[in-house]
Every structure is written in structure tokens, then in C-alpha cells.
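For this one, chain R is given, so just place chain B on it according to the hints.
Number of protein chains: 2
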Amino acid sequence: MPTFFETHHKTLDQALEAIRTRGYFSAYPEVPSGKTYGETAKDDGAAAFQARLNKPFEIDQPGKTGTVGDERSPFGVALNIKYPKADLNVLLPAMQKAIPAWRDAGIEARVGVCLEILHRLNRRSFELASAVMHTTGQGFMMAFQAGGPHAQDRGLEAVAYAYAEMTRTPAAATWAKQVSKTDTVTLKKTYQILPRGVAVTVGCSTFPTWNGYPGIFASLATGNAVCVKPHPLAVLPLALSVEIGRQVLREAGFDPNLLTLVADSAAAPITKELVTRPEVKIVDYTGSSEFGTWIEQNAKQALVFTEKAGVNSTIVDSITDLKAFTGNLAFSLCLYSGQMCTTPQNIFIPRDGILVGGEKKSFDDVAGAIVKAVDWFLSEPARASEVLGAIQNERTAARIQQARTEGGTIVRDSAAMKNDAFPEARVHSPLIVKLDASKDAKLFSREMFGPITYLIATRDTAESIALAAKTAREHGAITCGIYSTDAATLKRAQAEMADAGVATSCNLTGAIYVNQAAAFSDFHVCGANPAGNATLCDGAFVSNRFRVVQSREMASV
Amino acid sequence: MPTFFETHHKTLDQALEAIRTRGYFSAYPEVPSGKTYGETAKDDGAAAFQARLNKPFEIDQPGKTGTVGDERSPFGVALNIKYPKADLNVLLPAMQKAIPAWRDAGIEARVGVCLEILHRLNRRSFELASAVMHTTGQGFMMAFQAGGPHAQDRGLEAVAYAYAEMTRTPAAATWAKQVSKTDTVTLKKTYQILPRGVAVTVGCSTFPTWNGYPGIFASLATGNAVCVKPHPLAVLPLALSVEIGRQVLREAGFDPNLLTLVADSAAAPITKELVTRPEVKIVDYTGSSEFGTWIEQNAKQALVFTEKAGVNSTIVDSITDLKAFTGNLAFSLCLYSGQMCTTPQNIFIPRDGILVGGEKKSFDDVAGAIVKAVDWFLSEPARASEVLGAIQNERTAARIQQARTEGGTIVRDSAAMKNDAFPEARVHSPLIVKLDASKDAKLFSREMFGPITYLIATRDTAESIALAAKTAREHGAITCGIYSTDAATLKRAQAEMADAGVATSCNLTGAIYVNQAAAFSDFHVCGANPAGNATLCDGAFVSNRFRVVQSREMASV
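So the protein lines, in turn, are chains R and B. With our numbering, letter number 62 in the first sequence gets 62, and the count goes up by one each step, no holes. With our numbering, letter number 473 in the second sequence gets 473, and the count goes up by one each step, no holes.
So here's chain R without its partners, still in its complex pose (with noise of 0.2 Å):
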């Protein structure tokens, strides 16, 4: 029988070649379709996840201590599951305990265990879909895509840089040094992969898998036990994940102990007490930016990977086709009801307008269009649940009364929205207000996370790069999409916006949004502004994962 190594080397390969040229690669199909997932795959996975409500979460690793569970889905429904709490003085040493095995058993037993937790996560991408969906809040084919196969693909992408990482550097060499005309030194030297210890992954409640992902097999990878801690509000996803982990582990003759969960409630949270713990050595953190903050620097004995927020920006110079322009930045705009930590937030625009295919248009002329696009958008209601999903939760929904009162002008008020598939789901259209870059700088210079656009009028483009890189260097920016017709322009805002270390977008139209980013291509965050502090995916979110051990011993001469 094959192991798992060689059964899934072909797909190693093909990422590994994916990361070096980076180009488009998908592993795992992105088409919830029949005919990839088989005939039933999709009842299924919903059978599977309506079996998993109303009852306690099973899972066989020390430490239990009572249970905790209040997740609710955005969309009404309350899972009502529960989850074990775990008593970390128990449940830290076992995991510490089943290292060293992990360790011995080399690079390819360690990798080929990820590559077989991917597959058989992608075999249950329809469950995973439906945890995703009814914790997240997204639509079913978003928490499908963004859940199952995307976040897969980004954990397979953490994989092939830990292999790439951990085989620069050979496990034996022959070192031969000519001392003198007749006599040569020879030294034969092993080189041995050391992993750091117990790694916790913190997750979010937006994209629990596409974020947890890749730290949890970039730290497993490299011979690390992890610990995942999900979102209170969004635990099953990861559940499931460590779930199907402990079973691979476990059928490979590993300890699964590797691969532990952690849960708990924002009533009762554990994080600052686990992510300071002295057994962890590595926390891979997506969340806000406070929390986040605060784990870089408390958690001295680890290393830290963040993925916070930020304020994303788009500048608008000129364009070539206002439909085309406005089409692509409304999906932006209401996909998931702009609860992604790339979704943009201020839209900078010119106050004497834009040249739109060589014409002046005001700007009341842009920010209608772009309010016509996104009720487009909403206008049928099966097409509106499924871009806009449902709002997370509750804060966020306060977060765009308090938008609607606090100041500028409403160009597109927000308003509660009916779900026809769940009349109980918390759906609220996008808010788009009007400020203006000359005093509104408060309202717009911080994060108001969810469905809130502001149009920010500026003297000209170059104060909106201004600006966009201001707010972006002190609050942080995961993505900028720049729209200009002339290249010049273009250029000096791509080179801006890189010097405050945002990755940027221009000119999209079509199918294509600012707010996707695509494993071995695109890097998400880009670690250099308060956005975070790593990437996903590079080789230095895996090269300090593990440390390389080396003994050198006299070649018999």
C-alpha cells in the first residue's frame, strides 16, 4: 500500500511549482458539483451537519472538563452544540508527549499526514460548507468555496513551504576539508529537524478554515503539535477539522494528541491564558487588531504570526467604463455584507469628479453609479442572500446604526433585509455615506467593519494616495484597488501604496475583486504595516516553525 507521502506526492509537486512560479493552481475543485463530489455528496454533507446539532461534540483527548458551546447561526438557527472544555494542565503535557514520535518520523511521514487531513477535507467540503455557512453567516456557495476548497488549497500551500523549508537543508552531508598536500579532515554530519513544541492556532469568526489553515499545517508540518482554539461564535468548522486531523493521525500510528481543540466562550475566554502558556512556542493569530496586538506582546515565549484588520482603500482616478468600474466594486462591496478583512472601506474620489472614458463625470455622477450597481445587486432577492449572506453578529449590526447617525451624508441607507430561506436570518443592506476628505478624517480614518462604504471627497488623486497610505500605515491595510486610465498616476499610487505595504488591485473589472486573494499566488497581508505581522503564505511564515539540530562525528579515516 502506497503512504500517504506517495499517494499525494503528485499534488505536492504541483504546489511546490505553484509557489516558485505563481501562476494559477487550485488543488481541490472549487465547483460544489456532483460530478467532482459525487451524485449524493451534497445531501450528504447537509445530513452530516444537521446530525451534528443539538448534541455534545465527541472528541477523545485528555483533559475534559465539563463542556461550552453557544454558537447561533446569522442565518437563525441555534446549533445548539457543545464542546468539551479542556483543562490545559492536562491537556498541554499530553500534547508535549506525542511530539517526539511526530518528530522522528521524518519529513514525508509529517507531510504526507497533512496532504491525506486536506483530502479527506475536501471529501467533506459540503459539511464544511454548512458549519461554515451557519457560523460565519456567509451564503452557502461562498462558505463552500471560501471554507472548503479555497482554505484547503491555502493549507496545501502552507505545506509545500514547510517541505520546501524543511528539505533546503539536507539530513546528512559529507564535509571534507584538505588540511595539508596529503591529509584531508572528513566530518560526517546529520542535520535534524527540531520543532518548537505545542503551536495554537487562535481562529476568527468570519473565515475560521481559510485562515486557520495554513498555520495549523505550516506548524504541523514542521513536527509541532497544535493546538486550535476557534471563535467562540465559530467553532464547528475547526471542530470538524481537528476531527478528521486526529482521525488520520491516529489511523498513520501517530499519537492524535497532535492535533487538539481548545473551546470556549466569550463569557468565559482562555486565550491570553493559553497563548502565554510556557508550553506554547507559536500562536497563529487572525482577529482584531486590539486582541492581536495585545498577543505580539504578551506572548514573549512564542513566536507570533497576526492576520488582524485594517482600512482598506480604493482610489479612484480615472476610468475607462463607469458600468464596468462600478460593477466590479459593488460585488466588493456586498459580498458577505463587507465582512472580509479585504473588503474596501473608503473610496477615494476626486470632488470635481473623474474623467470616465475621456469625459468629466462629478463626483454625485460616480457615487450614484455605484449606488445603482450595488442595488442592482440586491434587486432579486435569491441573488441578495447569496452575495450579501448574513451579518456575523450583533456588534456588527450596531456597527452601521451607529454609521447611519454619526455624521456625512447617506447616499444609500442601509435597511433590514428579509432572507427567504431563513426568515430568522440578520441581514442588513450596505450603508454608503458621502464624507468629505477636508474634515471627516475621523469618521473615516479607523475600521467600521461589515457593510459601510465611505465616498471620501478629495482636492485630487494625489491626495487620496495621500490618504490611503496614511491610514493604511497607522490603522493597516490588507488590499487597495487603484482605478486610473493614466499610467503614470497608476504607477505612483501602486509605488505608494507598496512603501505602506498594501498589496494592490487596479483597474479590475469583470469577475475578478479586490477582496479575493488566491493560494500560491496571491500573498494575503502583507506583514509590513499594523495590518499583521506575516503572510500567508511565504517562507518566513514556516522557516521558524522548527529549528535544524545538526551533530557532526570523525569519518572513520
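It is possible that part of the hints are untrue.
Heads up, the list lumps identical chains together, so a pair's fine if it works in one copy or across two of them.
[Stated by the list, open to error] The calculated lysine to aspartate or glutamate pairs, modelled on DMTMM-like cross-linking and capped at a C-alpha distance of 25 Å, are:
1) K442 <-> D70
2) K300 <-> E474
3) K97 <-> E474
4) K323 <-> D183
5) K177 <-> E251
6) K10 <-> E273
7) K272 <-> E296
8) K300 <-> E273
9) K361 <-> E553
10) K323 <-> E296
11) K188 <-> D486
12) K372 <-> D321
13) K97 <-> E108
14) K418 <-> D460
15) K181 <-> E386
16) K470 <-> D486
17) K188 <-> D321
18) K442 <-> D183
19) K491 <-> D13
20) K181 <-> E30
21) K97 <-> E251
22) K97 <-> E496
23) K491 <-> D413
24) K372 <-> E474
25) K85 <-> E58
Derived from the structure by calculation, the hints contain no laboratory data. Just so you know, these numbers come straight off a predicted model, no measurement behind them.
Quick look at chain B alone, frame taken from chain R:
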């Protein structure tokens, strides 16, 4: 005229191959021969060193404010060189200003400049050897090799890793995704290296160039500006290196403020202020554990790479040939009077003795043979002077006195020695003290830097291993010598020390020593115990000194 990159690309290619295979490689000849370096090189180097003495060391960098300098050769000569003091409020902004053009010049231009600097450093190896000798106290041959070619090799190794890391992502890619039977979305993507900012290298007093070059060249090659802060007692080697580097930068059309010197004095140290400045984004540190830990804890705005100290052990279980063993060990103990961070301090020997060539020898027999071998190195004055060098500073001399009087049994006493060439040299012969594991843990469970060796009687080899691993975990360790003729014991000792993050050297005899680390093959410091958080040199040492920022644009369709 070929570019610097073209001129040196073969050297780079060889270095890239060497870090991949980790066999023997050296780019810079270690033999101080007239045939290699020019028949007058030795005299020229000595004259150039003499010409530096008793005058100001001029560097044309901004923000000079007064002078500082009180280096005194451990061989007894006051250097009487004054270096400019730096106003950080002027110097650091000038360095920041130099970065964009350096960044935008691209990988090959930067790497070419680094390779040319290394080449010129190599041509100046004799001058640098005198500077290293008369600041560190190393004998001339060691100062030439470790301070010259071997240091240059370590710098080249860092450049090779930086080049490999920067080029693993292409500068541009085409991403084409088929979105339907007939449609493909195509994006042109560019990936740009974004340096962190100003890097600081904090030099040490014993190996200023060997430990300094890796960080300096890794940061410079990846687009950062580098501020060199030498140890107040070993400024000249790094000041010369900065001068040479600035000359190459200027010739290549770059702002020389990409490489600057910040000198200070023991009385008015500036390091704490410097490494916590907001402009400083990277710190490389070599020196005491206490100060290194302070930097790790306090320079939160920067990436911090530390090479600190530790307690190195040698585990003696069984040997084939007593003389081959003691000759090898004694040289390691005598070399540079034990002032290497890789020198063994604790020699663990079972108190019931060991098998030597199958025959039992008592603890005292073995101890006596070690003492005899050390005495042999000191028996001929010229050899003794060359091997011992001089004691770098008074505190190390005082530590010998402390060790003589605070416990244990002296089996070889330390005494002041004469150096015929330098009558004022600070020379003390090695001290060897016998301790017992059962009662002297307090004495050997700490670093006693200098020519101080503890021979520690243990219950058995298992206890020797346990104690060596324990001190490594608690206090750090960089190297461990292991002597055993039993394969299983050897393997167990290797595994337990590896688990503690210590590089092992097994059964060394002849002309290769536990305290030597070869560039391109040996990882110096593991990064997995308190002796330091980084290694010279691996992917993790370079990969986070820069970020990659991307831009993507719709391809014309």
C-alpha cells in the same frame, strides 16, 4: 565593464550550492600566504594598522557630534583611536532616506554590492587581522582566519541565503484562471521586495567580524540600511569594515549612509537607546546572555536575532586512544584562552573512570592526561602565545581568580604568563578544577567565560548526559563534545542533546575541534535553547528581513 554581480556571480553560485549540500566550501583563502594575498600583503596590512593608531578614525557620515574611543589591546598597546559619536536624530533619518533607491535597485544590484564589499574585505585581511588581534586578544593566525576569511565566508553565506530567499518569488507572474468554458480571467502580477527599514548590528568583543558580518550582510542584501554598533572594546575591525562598505556603496552610486557606524563607550553606552528607536526594525546581537535577553524583551518594535552565551559540555563515556582524545580536547580548551562561545566548560566523566581502548582508566588518570595535554600546548612559549592569545578583558581575568577560590579541587592552576613579543599582554594559563556532580551543581550550572574548565565526576554516563542537557535547557549551550566507543550510548547522547537544541561533535580527534564552526556547513547556535534565538545561517535568519508586496492588474483581454 561587468557589474559587481556579474563579477562575483560564480562565487555566489558556489555559495548557493554549498548551503544546499553543506559540504566543505570556502570562498576566501584561510592561509595568510603571500602567494594568495600578495607578497607585500602582510607588511602592508601591519603598516596600515599602525597608521590607524593614535589618531581620529574619520567617517563622513551625518550627525557626528564629538568623538569616543578607548580601545586597548589585550596585548598591552593602547590603540588611542577616536571614532565619531553619532546623533541618532540626524543619522537614523539619513539612513531611512537612503533606503528607497537601494530597494528599487533590485536584488542583483544589492547582492553585487555585498559581494564586492566581501571581496575587498578579503583583500584587506591582514589589516583586519591586526585590528582583530589587538582588540579581541586572539593570536595572529586565529585573528587572520576567524576575523578575515572565515568571517567573510559567513558574510557570503548570509548573502547566499538572502539571494535564495528573495528570488524564490518571481518578480512577475501571469495568473490565468479559466472561469467558464470560453472565458479566462488573466491578471498580471508583480512582486516587490520591501525592506524593513534600519537594521542594527550590535557587535561583540571577541569575534566582532565573524559574528557581525552575517547580520550586516543579510540585512543589507535584503534592502535595509545597517547601523553597526561595535562593542566599545572592539570597534576598529567593524569601523574598517564600515569604511570599506561605504566606499563600495558610493562607487556603485548608492548613498553610503546605507552602512554607518555608531560607536560608544562603556561609560556612556548607547545600545539600549539605539535598539529601541522606532526607526530600528531589525536587531542582530551577539554578546552576553543578560543583555541579549534584555533586547529580546524590550526591542519590541524590531525583529531580534540573538547569539548569546551558554554552558557547553563534553560528555566522556569511553575512548579508543587517550592521547588522541586529550590532544584534541586540550587544544579546544587552550585556543584563545577559552574565550569562544563554543569552548567546552564542563567535562563530564564518570567518577569510576572510563574504558580507554577497552581498558579501565580512573577519573584521575583521565584528568591527569587532560592536564598533561594542556601543559604540552603551553610548554613552548611561541606556541603558547599563538594558541592562548590574550585575555580580552579584566573581568575575565578576575573570573579566573574567582574560580580558583570558590570550590572544587584545582588540578591545573592558572598563572600569569609572559608573551615574548608583547611584554604587557594579559595572559593567564588555563585553570582546570575538579568538581563532583553530587554536590557542585551550583558551580558548574552557570557560564564561567574564559580559560576555566570543570572536570565533573558523575555517577555514570547517563548522569553526564542528563546534566549536560539540563544545563543547556536552563542556561543555553552551543556545542557538546561526545566521546563514546559504544554506538548506542553515542546515539542516546546525540539524541538527548539534540532535543536540548545543542549541536554535537562526536569522537573528534586530530585537527578538527568542537569549538570550530564552518560556514556553509555548520549551523552556529541552534536557536532552540537560551544560547540564542537564531542560527548562523539558515532561511529563518534572512526570510523575515524583508516582506513581499504585490500588485496585480487586469491584463488586456
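We went through each hint and held it up to the structure:
no., hint, result
1, K442 <-> D70, "neither (36 Å within a copy, 53 Å between copies)"
2, K300 <-> E474, "both (24 Å within a copy, 17 Å between copies)"
3, K97 <-> E474, "between (43 Å within a copy, 20 Å between copies)"
4, K323 <-> D183, "between (78 Å within a copy, 20 Å between copies)"
5, K177 <-> E251, "neither (46 Å within a copy, 36 Å between copies)"
6, K10 <-> E273, "neither (41 Å within a copy, 52 Å between copies)"
7, K272 <-> E296, "both (11 Å within a copy, 21 Å between copies)"
8, K300 <-> E273, "both (13 Å within a copy, 21 Å between copies)"
9, K361 <-> E553, "between (76 Å within a copy, 24 Å between copies)"
10, K323 <-> E296, "neither (43 Å within a copy, 53 Å between copies)"
11, K188 <-> D486, "between (61 Å within a copy, 17 Å between copies)"
12, K372 <-> D321, "within (15 Å within a copy, 89 Å between copies)"
13, K97 <-> E108, "within (21 Å within a copy, 46 Å between copies)"
14, K418 <-> D460, "neither (40 Å within a copy, 77 Å between copies)"
15, K181 <-> E386, "between (77 Å within a copy, 23 Å between copies)"
16, K470 <-> D486, "within (22 Å within a copy, 65 Å between copies)"
17, K188 <-> D321, "between (66 Å within a copy, 20 Å between copies)"
18, K442 <-> D183, "neither (74 Å within a copy, 43 Å between copies)"
19, K491 <-> D13, "neither (35 Å within a copy, 34 Å between copies)"
20, K181 <-> E30, "between (64 Å within a copy, 15 Å between copies)"
21, K97 <-> E251, "within (18 Å within a copy, 57 Å between copies)"
22, K97 <-> E496, "between (49 Å within a copy, 15 Å between copies)"
23, K491 <-> D413, "neither (35 Å within a copy, 72 Å between copies)"
24, K372 <-> E474, "neither (32 Å within a copy, 66 Å between copies)"
25, K85 <-> E58, "within (11 Å within a copy, 66 Å between copies)"
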